[in-house]
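2 protein chains.
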Amino acid sequence: MTTVDFSNWTCPVPLRDTPNVVMGHGGGGAMSAELVEQIFLPAFGGSVADLADSAVVTAGGARLAFSTDSYVVKPMFFPGGSIGDLAVNGTVNDLAMSGATPLYLSSAFILQEGTDLAVVGRIAQAMGLAAAAASVRLVTGDTKVVDSASGDGVFVTTAGIGLVPPGVEIGPRRARPGDVVLVSGDIGVHGVAVMSCREGLSFGTSVLSDTAPLAGLVAAMLAAGEVHVLRDPTRGGVAASLNEIARAAGVGVSLVERDLPVPPAVRDACSLLGLDPLQVANEGKLIAIVPPSAAPAVLDAMRAHPLGAGAQVIGTCVAEHPGMVVAQTALGGNRVISLPIGEQLPRIC
Amino acid sequence: MTTVDFSNWTCPVPLRDTPNVVMGHGGGGAMSAELVEQIFLPAFGGSVADLADSAVVTAGGARLAFSTDSYVVKPMFFPGGSIGDLAVNGTVNDLAMSGATPLYLSSAFILQEGTDLAVVGRIAQAMGLAAAAASVRLVTGDTKVVDSASGDGVFVTTAGIGLVPPGVEIGPRRARPGDVVLVSGDIGVHGVAVMSCREGLSFGTSVLSDTAPLAGLVAAMLAAGEVHVLRDPTRGGVAASLNEIARAAGVGVSLVERDLPVPPAVRDACSLLGLDPLQVANEGKLIAIVPPSAAPAVLDAMRAHPLGAGAQVIGTCVAEHPGMVVAQTALGGNRVISLPIGEQLPRIC
Numbered sequence: 001m002t003t004v005d006f007s008n009w010t011c012p013v014p015l016r017d018t019p020n021v022v023m024g025h026g027g028g029g030a031m032s033a034e035l036v037e038q039i040f041l042p043a044f045g046g047s048v049a050d051l052a053d054s055a056v057v058t059a060g061g062a063r064l065a066f067s068t069d070s071y072v073v074k075p076m077f078f079p080g081g082s083i084g085d086l087a088v089n090g091t092v093n094d095l096a097m098s099g100a101t102p103l104y105l106s107s108a109f110i111l112q113e114g115t116d117l118a119v120v121g122r123i124a125q126a127m128g129l130a131a132a133a134a135s136v137r138l139v140t141g142d143t144k145v146v147d148s149a150s151g152d153g154v155f156v157t158t159a160g161i162g163l164v165p166p167g168v169e170i171g172p173r174r175a176r177p178g179d180v181v182l183v184s185g186d187i188g189v190h191g192v193a194v195m196s197c198r199e200g201l202s203f204g205t206s207v208l209s210d211t212a213p214l215a216g217l218v219a220a221m222l223a224a225g226e227v228h229v230l231r232d233p234t235r236g237g238v239a240a241s242l243n244e245i246a247r248a249a250g251v252g253v254s255l256v257e258r259d260l261p262v263p264p265a266v267r268d269a270c271s272l273l274g275l276d277p278l279q280v281a282n283e284g285k286l287i288a289i290v291p292p293s294a295a296p297a298v299l300d301a302m303r304a305h306p307l308g309a310g311a312q313v314i315g316t317c318v319a320e321h322p323g324m325v326v327a328q329t330a331l332g333g334n335r336v337i338s339l340p341i342g343e344q345l346p347r348i349c
Numbered sequence: 001m002t003t004v005d006f007s008n009w010t011c012p013v014p015l016r017d018t019p020n021v022v023m024g025h026g027g028g029g030a031m032s033a034e035l036v037e038q039i040f041l042p043a044f045g046g047s048v049a050d051l052a053d054s055a056v057v058t059a060g061g062a063r064l065a066f067s068t069d070s071y072v073v074k075p076m077f078f079p080g081g082s083i084g085d086l087a088v089n090g091t092v093n094d095l096a097m098s099g100a101t102p103l104y105l106s107s108a109f110i111l112q113e114g115t116d117l118a119v120v121g122r123i124a125q126a127m128g129l130a131a132a133a134a135s136v137r138l139v140t141g142d143t144k145v146v147d148s149a150s151g152d153g154v155f156v157t158t159a160g161i162g163l164v165p166p167g168v169e170i171g172p173r174r175a176r177p178g179d180v181v182l183v184s185g186d187i188g189v190h191g192v193a194v195m196s197c198r199e200g201l202s203f204g205t206s207v208l209s210d211t212a213p214l215a216g217l218v219a220a221m222l223a224a225g226e227v228h229v230l231r232d233p234t235r236g237g238v239a240a241s242l243n244e245i246a247r248a249a250g251v252g253v254s255l256v257e258r259d260l261p262v263p264p265a266v267r268d269a270c271s272l273l274g275l276d277p278l279q280v281a282n283e284g285k286l287i288a289i290v291p292p293s294a295a296p297a298v299l300d301a302m303r304a305h306p307l308g309a310g311a312q313v314i315g316t317c318v319a320e321h322p323g324m325v326v327a328q329t330a331l332g333g334n335r336v337i338s339l340p341i342g343e344q345l346p347r348i349c
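These protein sequence lines are chains A and B, in that order. According to full-length UniProt numbering, the first sequence is numbered sequentially starting from 1. According to full-length UniProt numbering, the second sequence is numbered sequentially starting from 1.
None of these hints come from the bench; they were simulated from the model. Be a bit skeptical, because a hint or two may be false.
[Claimed, not checked] Cross-link-like lysine to aspartate or glutamate pairs, in silico, EDC-like; alpha carbons within 16 angstroms at most:
id : chain 1 : residue 1 : chain 2 : residue 2
1  : A       : K74       : A       : D152
2  : B       : K74       : B       : E169
3  : B       : K74       : A       : D147
4  : A       : K74       : B       : D147
Please model the complete structure; the sequences and the hints are all you need to start from.
Written out as structure tokens, the structure is:
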């Protein structure tokens with residue numbers, strides 16, 4: 001029982017001048033980072049430099065990756081997948097971004113009173129199939145129910161444990177000037193697929209979510225050559241992931257805009273909605289930062305894998321502008337790709 | 001990307017004649033069990049017999065306990081603790097109930113838009129202190145924000161990893177006729193503390209939640225003698241936990257009602273509210289089922305620990321009435337202690 005009195009505790013910083021939670025605090029951009037850095041890390045005793053898609057810890061001599069994510073995507077079923085697919089693949093991918101072989105998942109459900117049980121069943125079925133496809137086992141779970149005014153259908157939180165092979169050391173701090181920046185395929189797909197069926201925003205597109213488990217692709221890459229950093233660019237997109245890496249490693253990232261694989265349907269939808277494809281969420285893509293000597297072999301391995309067939313070199317890490325991402329535009333100029341502030345697309349995952 | 005079409009999937013059983021989620025599906029009783037057995041286990045490929053507070057798995061040669069729980073308690077701050085304390089202690093305790101030493105926790109927040117950031121901060125502070133008190137590290141996390149109509153303040157989901165010492169084999173199937181049933185102290189305390197400040201139900205009581213981390217108590221017990229089963233009787237209380245054990249092991253459980261440690265304030269509040277103290281949630285107590293030869297030493301070890309000072313023998317496992325819990329009443333009769341159906345006290349944890 002905690003006996004400390006928190007009643008006079010006040011927020012240490014006026015995050016973006018609001019004393020309250022706003023949607024942007026969940027957007028995976030600058031406001032999310034402030035929340036983590038100003039509130040959670042001081043309370044939990046962590047450090048910013050260690051933030052990655054999953055934590056690597058040791059237990060009983062085994063090196064484990066450990067990660068969790070809550071999923072609140074709206075709608076729960078969208079072109080190409082469901083909240084159940086995301087909940088499994090998203091946590092599998094967070095583990096894979098530490099180079100781990102994902103092994104076990106937990107699942108915790110917060111159900112809104114009145115939700116159709118068949119919807120719960122369809123989500124569970126999707127999770128079971130996704131787990132089988134990713135070769136992980138759903139081994140433990142929990143279910144809570146909240147009254148109809150306090151929830152929204154089904155929220156799923158998964159956590160996962162993976163095993164990090166000996167010698168594998170992947171983390172955002174390992175990016176070095178000269179390293180090559182790779183992306184495994186078309187970007188912006190998941191976000192556009194979800195937005196295309198969002199209430200009030202329906203527009204005609206054939207884009208399907210790219211939700212997929214990336215551990216097999218990662219294993220093929222690690223077998224081909226050294227990898228310094230891996231990241232799956234979900235909320236906040238490629239822009240957020242690259243800014244986080246640049247900041248953690250103290251390097252600059254230089255992109256070539258015309259090399260970014262943005263499919264025409266994503267480009268069209270982003271024009272329509274006023275979005276930057278670099279900030280749109282992906283759920284089946286990864287960014288890899290690899291030493292130049294390893295880049296050709298790693299790129300070949302990616303292209304030989306079904307989930308990396310569209311892999312591209314999109315830029316390099318540089319000593320200039322440390323902590324900053326800069327893109328060479330098609331017109332020959334430069335633009336700064338900043339960390340998104342808040343939320344472009346609420347409840348995208 | 002899952003390509004299977006679930007649109008025609010229907011619920012395999014009409015759980016309690018409702019096609020929709022009701023509050024009782026989150027109550028930890030018979031309706032929760034139906035949800036798990038009819039929907040989640042078939043989808044996930046698990047088996048009922050293995051259900052315990054945490055799963056025991058192997059990774060890299062290490063034997064790990066793995067568990068998760070979502071916390072949606074209302075109000076978020078209550079006499080004796082907060083949702084932050086519960087989220088840490090609850091998952092620590094689930095790990096401890098496998099005999100594990102808890103090591104690492106993850107935390108995933110679902111924040112309602114508009115929630116005071118100071119409330120988020122107070123909860124984070126409580127989690128950090130509770131983690132330090134339980135000697136676990138909060139190593140990874142996530143934050144999502146949902147619109148104000150879709151959440152309720154702060155929902156926290158924690159998952160945890162613990163290390164199971166060699167030779168420790170604890171699980172509900174290990175209960176045997178002749179085993180002694182112990183409880184570590186006063187029951188019904190947490191549930192009454194939360195209800196005492198629930199909107200619309202305020203009543204005068206001095207009861208404080210018993211939220212506490214039990215891993216130290218468990219370590220002391222395991223050092224003293226063999227333990228077959230451990231369970232922390234949260235939702236559904238002692239009644240639900242003992243019914244689950246009786247069912248998993250195929251034994252009967254015989255209780256002596258006058259030996260149940262129910263403090264007068266809990267008895268009074270339960271009378272007022274029409275509740276059975278055996279069904280009220282605890283957050284800092286455990287039930288242990290131990291072989292008769294080990295019972296005296298384990299009981300002594302419990303009583304020597306601050307969190308087990310009120311430990312009592314409350315009954316025995318018997319070969320009669322397998323799967324059923326029966327209490328000898330104060331008047332000399334017997335009554336069946338059944339698995340609660342739904343939810344006595346919604347959102348108690």
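For each hint, the structure was consulted:
Of the pairs offered as hints, the one joining K74(A) and D152(A) holds, with about 9 angstroms between alpha carbons and a cut-off of 16 angstroms not exceeded. This hinted pair does not check out: K74(B) and E169(B) have alpha carbons roughly 36 angstroms apart, beyond 16 angstroms. At most 16 angstroms may separate the alpha-carbon atoms for a hinted pair to count; K74(B) and D147(A) meet this at roughly 11 angstroms. At most 16 angstroms may separate the alpha-carbon atoms for a hinted pair to count; K74(A) and D147(B) meet this at roughly 11 angstroms.
Going down the numbered hints, you'll see the structure goes against just number 2.
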